[in-house]
Amino acid sequence: MIDVDAPLPSTGATHRRGRLAALLDHDLVYSFTRSKVTVGAALVTLLIVLAAVLAPWIAPHDPFDLRQLNLLDSHLPPAWAADGDRRFLLGTDDQGRDVLSAILYGARISLSVGVLSVALAALVGIALGLIAGYAGGALDSLIMRGADVQLTFPAILIALLIDGTMRALSGEARNEDTAFWVLVLSIGLSSWVQYARTVRGSTLVEKNKDYVQAARLIGLDPTSILFRHVLPNVMGPVLVIATINFGLAIILEATLSFLGVGLPPTEPSLGTLISIGNKFLFAGEWWIAIFPGLTLAGLVLAVNLLGDWLRDALNPKLR
Amino acid sequence: MTKALLSVRNLRVEFPTRRGTLVAVDDISFDIMPGEVLGVVGESGAGKSLTGTAIIGLIEPPGRIGAGEIRLKGDRIDDLPPERFRRIRGRRIGMVFQDPLTSLNPLYRIGHQLAETIVTHTGVDAGTARRRALALLAEVGIPAPEARIDNYPHQFSGGMRQRVVLALALAANPELIIADEPTTALDVSVQAQIITLLKRLCRDHGTAVMLITHDMGVIAETADRVAVMYAGRIVEIGPVRAVVKTPLHPYTAGLMGSIPKPDADVTRLVQIPGSMPRLTAMPAGCAFHPRCPRAFAPCPTARPNLEPYGDAQVACWLFEQPSAAAEARA
Amino acid sequence: MLAFLVRRALQALLVMLVVALIAFTLFRFVGDPINQMVGLETTQAERAQLREALGLNDPVIVQFVRFAWHALQLDFGVSYQFKQPVVTLIGERFPATIELAFVSAVVALLLGIPMGVYTALHRRSWISTALLTVSLLGISLPVFLTGILLIFVFSVTLGVLPSFGRGEVVHLGFWTTGLLTASGLRAIILPAITLGLFQLTLVMRLVRSEMLEVLRTDYIKFARARGLTDRAVNFGHALKNTLVPVVTIVGLQLGSVIAFAIITETVFQWPGMGLLFLIAVQSADIPVMAAYLLLVAAIFVTINLIVDLFYALIDPRIRVDARTA
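Protein chains in written order, with the numbering used here: chain L, 18 to 336; chain Z, 18 to 347; chain C, 232 to 556.
No lab work stands behind these hints, which were simulated from the structure alone. Yeah, the Cβ is synthetic: ideal placement off N, Cα and C, and Gly gets one too. Please note that a few of the clues may not be correct.
List of simulated lysine to aspartate or glutamate pairs, EDC-like, C-alpha gap at most 16 Å [what the hints assert, rightly or not]:
| no. | chain 1 | residue 1 | chain 2 | residue 2 |
| --- | --- | --- | --- | --- |
| 1 | Z | Lys90 | Z | Glu53 |
| 2 | Z | Lys90 | Z | Asp116 |
| 3 | C | Lys452 | Z | Glu77 |
| 4 | C | Lys471 | C | Glu444 |
| 5 | C | Lys452 | Z | Asp116 |
| 6 | Z | Lys216 | Z | Glu192 |
Pairwise CB distance ranges (calculated) [said to hold, decoys possible]:
| no. | chain 1 | residue 1 | chain 2 | residue 2 | range |
| --- | --- | --- | --- | --- | --- |
| 7 | L | Ala136 | C | Gln280 | 43 to 51 Å |
| 8 | L | Gly218 | C | Phe541 | 20 to 28 Å |
| 9 | C | Arg447 | Z | Arg36 | 18 to 26 Å |
| 10 | C | Arg354 | Z | Glu163 | 38 to 46 Å |
| 11 | L | Asp102 | C | Arg447 | 24 to 32 Å |
| 12 | L | Trp198 | Z | Arg36 | 44 to 52 Å |
| 13 | C | Phe405 | L | Thr283 | 38 to 46 Å |
| 14 | L | Thr195 | C | Val391 | 23 to 31 Å |
| 15 | C | Val387 | L | Asp102 | 22 to 30 Å |
| 16 | L | Ala144 | C | Leu483 | 25 to 33 Å |
| 17 | L | Ala136 | C | Thr360 | 32 to 40 Å |
| 18 | L | Ala144 | Z | Ala161 | 50 to 58 Å |
| 19 | C | Arg447 | L | Thr195 | 34 to 42 Å |
Taking the hints into account, I'd like the entire structure generated from these sequences.
This is the structure:
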């Protein structure tokens, strides 16, 4: 069969050009720079991420500092509108909080929850996948049955369930500080299955290879076998799952916050902001909901575009 | 002299990639006479399948026919608009692929798939089509066709499936069948049956066959003439007896030497050192010269053309006219 | 095929059992079963008596069986918050959710499948590119945001469609339907679009990717080599082979639609089970949560079984036992 993507034969010239040049010549980078859409998406994501990370320094106001808030400043429309105030570029909400600053901090929180929950899901999923694949037998069955049962339910349901359970367990004295971690926990635990399945599949394949049998014979520790041989092979698909997962995690967090079971108004994420703004839509004060909404949509869109590109680039069948 | 059924001239199949255009089939020309079996033999990647696919017009983009002409009974077909070409496919040129399991749609009964092909090309009613389908099944050797015509593909064994595939390819009675590795996916015991069947069917229907395979044994048994392909080029083409008994091109000689013959008195099988060059690193001049035990001065500099020599044609400087060889050396 | 179905049925039973176990654990150990029956003045002794009377000191297995038995009879206890039997609460709101889910799914399929086929067959046309770009939006927009944007445009700005409620409903036996009244129809439009948009996107992308896969197979190549018309190849062969896995996956998604209805119902104040569940989560109303969980699990499992049955009927490799010639 024609191997149209076979690498050019290595000559002395390639070696002289150095590894950076070779890296830039890689198919992945090529397809990335060729697609203007993907580059645009990456830039947008980078922008939002930077803005979020630097929020404490670049936000014009601190929306959580109760001393800075002035009720007289509330309900102000964006700066370019008739009653606008130049201090508050995108307007203020019912508490007098600057919408722009709230968005920056909110994006920060949304992104943190997204990253942490993906990390948790990946950790749990990879671990369980490795165990299931390597140990086999009853343990494997147990984990996979559990995965099947969980897969029957959509993530939002599981996340809501975990949240509701936590709520019931902690009783009336519900600490708002823990809302962040409960959220990370619920979202993370609702999405480990994909990782586990993929990793388990790869583990099963590797387990039967000769070098693993040999390693076991000479008494090598199974954990090190798993880490050094199975894990690297599985990182590609895991990365793809993680990018899909990340977009979903952000949406899930925003949804839960919007529904009122996520982050509270004192530590609002983008979803919380939208739910606050929702109450004022009919009063004509659209900016409180729409700007956070656009930011959220833009962020998730950009992440999804990046994920799409990554999937296509890593999929040999589509080349 | 009878007019050729299929006439290919200077065919070139290429793939534009970001590293430049790769040429997979490089300027090949050959004829197929009505009713004859032309074997096309060569290693994997030599361009045999692509040639077949190009003839029937099913090259997938970004691949394309870069140059050349393909004529069916004198009429050009490679530049036909898609709808006109579609009418040729199946009706005048048929093609059979390697794996009979994946060649059949698993969701449809084979009777349906047969009738569909018949009706598409001949427009008869369903009853007539079904009768023809039964006749075809009987002809390809499916026992109890009335019982099996309503079976699904997965209910047949590998050999039976390939018979069904042959029936489908012959359903509209084409003049030429391109068989791309028709026996490679089958058990050895079944391979012979299928080859015999193919020969008989084509003799009975007067169909010409372009038999693409890497198996020289099949060619020796079945073909009238054989074309040897290497790196996208035809290096030798001639009557099968001549090519097998007295191979001219060093590559062909190597191929013949590598076939185990139980009754021959050889201690070792011939091995051709090295491997076929990749499309991205095609040698200059004759593509085979780096591996050729008889390479000499003109070989790396200029590409030899197919020239007649005895009964056959061969593309090798060893057999070129002295003046041409001298020109190349200059 | 019988063996296949029996296996699936057993799997379904297993899932229900596990879910029942989780629901029971929630009900008995996270929630407090005597919560709604006592007031602040009830003494410890009276509570202990009550526990005994309710059988709360029996072995856990016995309690579980009792719970399961009650569940099968649709007795889930009384809601902590509303002080009404859970089954009544859910029953009232069940039709609303089902209608919404159904209408949105139909819309998604009717639009999504043709769009998916089109983008697979005409890969380079600008319409395809446009559709795919819009579809990316469909996946990226969270359901609640879609709802809010729709409300903003059609209710707040244009004022043509209602933003909450179900409109007038007609009672048919125990079912209530909003589809037979003008106001009901108007009320269901925005929620159905909201709930249907992401489904539409999913269906379209799924159909597209499955069809592209199918178009690359050998049997399609062979069909073309036999000179079959484009229509026969694309719709007779490719489409049929595409739809089989598509219907399977869509069927499985139906379950999640019911879950996403929670969000849609919240945004539009649609009086369905989803909204009830959300309120239950917010107020830690365990009996409602447990009951919703069981009900939804039952629905999912049933849908899965139906999809499996459908698949077995359609794919001859499962339906007809393979025989070697």
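Status of each hint after checking the structure:
1. Between the alpha carbons of Lys90(Z) and Glu53(Z) the distance comes to roughly 14 Å, so the proposed pair stays at or under 16 Å and holds.
2. Restraint check for Lys90(Z) and Asp116(Z): the C-alpha separation of about 30 Å exceeds 16 Å, so the hint is violated.
3. For the hint pairing Lys452(C) with Glu77(Z), the CA-to-CA distance comes to about 10 Å; that is within 16 Å, so the pair holds.
4. Straight-line distance between C-alpha atoms of Lys471(C) and Glu444(C) comes to about 13 Å, which keeps the hinted pair within the 16 Å bound.
5. Of the pairs offered as hints, the one joining Lys452(C) and Asp116(Z) holds, with about 12 Å between alpha carbons and a cut-off of 16 Å not exceeded.
6. Between the alpha carbons of Lys216(Z) and Glu192(Z) the distance comes to roughly 14 Å, so the proposed pair stays at or under 16 Å and holds.
7. Judged by the Cβ atoms, the range 43 to 51 Å given for Ala136(L) and Gln280(C) holds: they are separated by roughly 50 Å.
8. A beta carbon spacing of about 27 Å between Gly218(L) and Phe541(C) agrees with the range 20 to 28 Å that was offered as a hint.
9. Hint check: Arg447(C) to Arg36(Z), Cβ distance near 24 Å, so the stated range 18 to 26 Å holds.
10. A beta carbon spacing of about 43 Å between Arg354(C) and Glu163(Z) agrees with the range 38 to 46 Å that was offered as a hint.
11. Asp102(L) and Arg447(C) have their C-beta atoms about 59 Å apart, which leaves the hinted 24 to 32 Å range violated.
12. Distance hint for Trp198(L) and Arg36(Z): a CB-CB separation of about 51 Å, consistent with the stated range 44 to 52 Å.
13. Between Phe405(C) and Thr283(L), the C-beta spacing of about 44 Å keeps the proposed range 38 to 46 Å intact.
14. For the pair Thr195(L) and Val391(C), the beta carbons lie near 44 Å from each other, so the given range of 23 to 31 Å is not met.
15. In this structure, Val387(C) and Asp102(L) meet the distance hint of 22 to 30 Å, their C-beta atoms being roughly 24 Å apart.
16. Checked against the hint of 25 to 33 Å, the pair Ala144(L) and Leu483(C) passes, with Cβ atoms roughly 27 Å apart.
17. The hint said 32 to 40 Å for the Cβ distance between Ala136(L) and Thr360(C), and at roughly 35 Å that hint holds.
18. Taking the beta carbon of each, Ala144(L) and Ala161(Z) are about 57 Å apart, inside 50 to 58 Å as hinted.
19. For the pair Arg447(C) and Thr195(L), the beta carbons lie near 51 Å from each other, so the given range of 34 to 42 Å is not met.
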